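> Sequence:
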Amino acid sequence: MGKRDEAHARRQAIIDGMLADALRPAYTYRLPSRATLPADIRRAIDALLATAEERRTRSLTYDDLEEALPPRDVSAEDLEAIFWVLAEHGIEVEEGQEGS
Numbered sequence: 834m835g836k837r838d839e840a841h842a843r844r845q846a847i848i849d850g851m852l853a854d855a856l857r858p859a860y861t862y863r864l865p866s867r868a869t870l871p872a873d874i875r876r877a878i879d880a881l882l883a884t885a886e887e888r889r890t891r892s893l894t895y896d897d898l899e900e901a902l903p904p905r906d907v908s909a910e911d912l913e914a915i916f917w918v919l920a921e922h923g924i925e926v927e928e929g930q931e932g933s
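Reading the sequence shown from the start, the letters are residues 834 to 933 in our numbering.
Keep in mind that the hints were calculated from the coordinates and are not lab data. A portion of the hints provided could be inaccurate.
[Said to hold, decoys possible] Simulated DEER-style distance windows between Cβ atoms: (1) Tyr895 to Lys836: 10 to 20 Å; (2) Ser908 to Arg837: 15 to 25 Å; (3) Asp838 to Arg889: 17 to 27 Å.
Predicted, not measured: the structure shown is a model, and the values here were computed from it. No residue lacks a Cβ here, since even glycine has one placed at the ideal position from N, Cα and C.
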């Protein structure tokens with residue numbers, strides 16, 4: 834397995850864990866200020882928002898997410914922040930075809 838495949842597998846495991854925890858009450862997590870997020874995560878969020886706007890969709894794919902993420906290992910907190918910011922804009926990430 835190559836470095837990129839290993840990074841993808843780790844990210845997918847984090848995403849799967851986050852989805853499994855989705856039933857916990859939202860008030861137990863406080864979203865950090867966007868300004869406190871790492872610059873590469875802010876750029877990923879901007880890229881995802883731009884993709885959704887360009888496609889005029891409220892749904893992005895995991896492939897879209899993977900393309901926007903920085904090449905480094907991304908923490909669960911970073912991914913959770915990305916999902917929260919996207920949700921604040923009414924955008925969800927789901928399996929499926931681009932723009933569906």
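> Now look at each hint and say whether the structure bears it out.
To see whether the hints hold, each was checked on the structure:
1. Tyr895 to Lys836: 10 to 20 Å: holds (19 Å)
2. Ser908 to Arg837: 15 to 25 Å: holds (18 Å)
3. Asp838 to Arg889: 17 to 27 Å: violated (32 Å)
Consistency note: the structure conflicts with earlier hint 3 alone.
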